[in-house]
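Trainee: Could you put the whole structure together from the sequences, leaning on the hints where they help?
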Amino acid sequence: MATIDEAQNKVSTIGTYKFDDQRFSIAEEKTYKTNYAYTSWRGADIKVTKVKIYKMTHPEKYRFEDEEVTKKIRGFATIFMTVKAKKNICVDLDEETAIFSNLDEVPIETYHGFDDDIKAGKVVQGYIKVPIEHLKNVTDITALRLDFGGSSSNESNDSLDKEIKFVVRLRN
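In my numbering, the protein residues as written are 202 to 373.
Rather than coming from a laboratory, the hints here were simulated on the basis of the structure.
Quick caveat: nothing in here was measured; it's all calculated off a predicted structure.
Even for Gly, the Cβ is constructed at its ideal location relative to N, Cα and C.
Result set (BS3-like, lysine-lysine): computed pairs, CA atoms no more than 27 Å apart in a straight line:
hint : residue 1 : residue 2
1    : K366      : K251
2    : K273      : K251
3    : K248      : K285
4    : K330      : K273
5    : K366      : K330
6    : K251      : K288
7    : K287      : K363
Listed next, with one range per pair, are the computed distances between beta-carbon atoms:
hint : residue 1 : residue 2 : range
8    : D348      : T283      : 15 to 23 Å
9    : G322      : T343      : 29 to 37 Å
10   : F265      : G322      : 35 to 43 Å
11   : D222      : S357      : 35 to 43 Å
12   : K320      : T217      : 30 to 38 Å
13   : S357      : T232      : 36 to 44 Å
14   : K287      : D222      : 33 to 41 Å
15   : G322      : D221      : 30 to 38 Å
Mentor: Given below as structure tokens:
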């Protein structure tokens with residue numbers, strides 16, 4: 202028979218979030234349809250189509266591999282992006298950052314869809330997953346900034362090298 206605490210925890214959990222082969226209980230989530238477009242790079246157009254913010258049922262420790270530090274996290278963000286290549290390019294998300302409106306700055310360690318070179322004319326969809334250290338409510342995050350690199354897939358051609366930085370506002 203379940204205890205009252207177990208029953209309350211069960212009621213407050215809406216699902217689980219998988220991150221780096223770990224599963225975290227989620228109490229609340231919010232989806233923002235952003236349709237943000239970054240068109241300032243000659244190599245590609247980048248769209249952020251939606252952002253999902255997840256609040257965990259309770260804080261848990263997470264080890265940031267890039268920083269080699271363990272911190273308590275309270276939630277996650279999943280950022281869905283589309284990259285439409287104009288040239289043969291590479292999007293470099295390794296060792297790059299996401300900064301939230303609550304001033305949490307976290308390394309981008311987990312992403313899908315942007316691992317390989319992208320040929321001119323090809324459209325690639327993927328996502329970035331990042332933990333959030335300080336989060337009381339899913340509506341606390343009102344904007345996020347992404348910083349990452351873009352370059353030509355040809356290593357000898359640096360004409361497309363660009364530090365890509367943009368802010369996406371999250372509105373209902």
